[in-house]
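Generate coordinates for the entire structure from the input sequences, incorporating the hints supplied.
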Amino acid sequence: MVEHVMGLQAQDNLPPYLSLAARVDGFSPADLSDLIEDRTLVRLFSMRGTVHVLTAADALTLRGWVQPALDRVSGTNQTSRPANHLTTEQLDAVVGPFLADGPQPHPEIGKALAAAYPDVAEEALRHVSRERLPLLQVPPRGLWKRSGGVVYQYVDRYLGQPFVEADVQDLVVRYLSAYGPATAADMTKWSLVTRLGPVFTAMAKDGRLVTVQDDKGRTLYDVQDAPVADEALELPALLLGMYDNIFLSHADRDRIAPDDARKAWMGVNGGVGSVLFLDGILAGLWKVDDGRVVVEPFTKPTRAQQAGIEAEIARVEALLAS
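For the sequence shown, the numbering used here gives the first residue as 442, with consecutive numbering after it.
Quick caveat, the hints were computed from the structure, so don't treat them as lab data. Do not take every clue at face value.
As the list claims (entries may be wrong) - Result set (BS3-like, lysine-lysine): computed pairs, CA atoms no more than 25 Å apart in a straight line:
#1 704 / 728
#2 728 / 586
#3 657 / 646
#4 741 / 728
#5 704 / 630
Given below as structure tokens:
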């Protein structure tokens, strides 16, 4: 599943567990923790300038593909800005040897960089290091109920494998297989990688993609023989994490989130709570209060929807108690 959705946003520890529990029957939190511990899955800064859980193979491919986007993030980040004049080579000249004997805590990496570049704020050096260098968070960070501090190692060193150059057309097919039909702008929203429009157009011309028109007259792209959802099918209630892929993988979220619902979720800085979906639409927020799941729908649910919400509450509370 992590491979299919091309990673799960994971700057907080809980959301990837919630995402998988909602998608995989019989999921146990130990399943994800075990895969992180045995290096099948890893945690690193990648799409959208945030930490994701990725397969090892995707970590070696996607990090390099999104690096130009991360460089842009670094250039606009107020915290990183005092260190932006340093090149990737200058950062690597310090961090590479520092990590030669094994992973190191992020604060120690900052201190090593500050010793080399004393005129730059240590906080800026810490931030720019994770944006510009392929640093992976080693366990126990991200493990279920036993997460530790942020300790880094280079991705390729940790996995013992070289980086692989991305085949962008293959990535487009994978993205659409998970999130299509969609536009190039949607894939850019998901990844922050720009200039994908010509790739989509060329793939459609070559027959690798099909096109459809949405109700706004826009051209959407999808893979050949993609399944078509039954519009009459009512989707079950879902309690998902604050930053679930279902909500973060398209530029146009109107199909799943009315404007007032998006504003309620966004608050002042974005992401004020975990999300409730009813029939595929953002319909409320939820939180955990003393071990109990408290749901706050935006509007009064129907009797059938309320039954679905209660079933979801029981499912998530059982997950949190495990």
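Results of checking the hints against the structure:
1. 704 / 728: 17 Å, holds
2. 728 / 586: Holds, at roughly 17 Å.
3. 657 / 646: Holds - the C-alpha atoms of residue 646 and residue 657 are around 22 Å apart, at most 25 Å.
4. 741 / 728: Since the Cα atoms of residue 741 and residue 728 sit roughly 18 Å apart, the hinted pair holds (cutoff 25 Å).
5. 704 / 630: At roughly 18 Å apart (the allowed maximum being 25 Å), residue 630 and residue 704 satisfy the hint.
Checked against the numbered hints above, the structure violates none of them.
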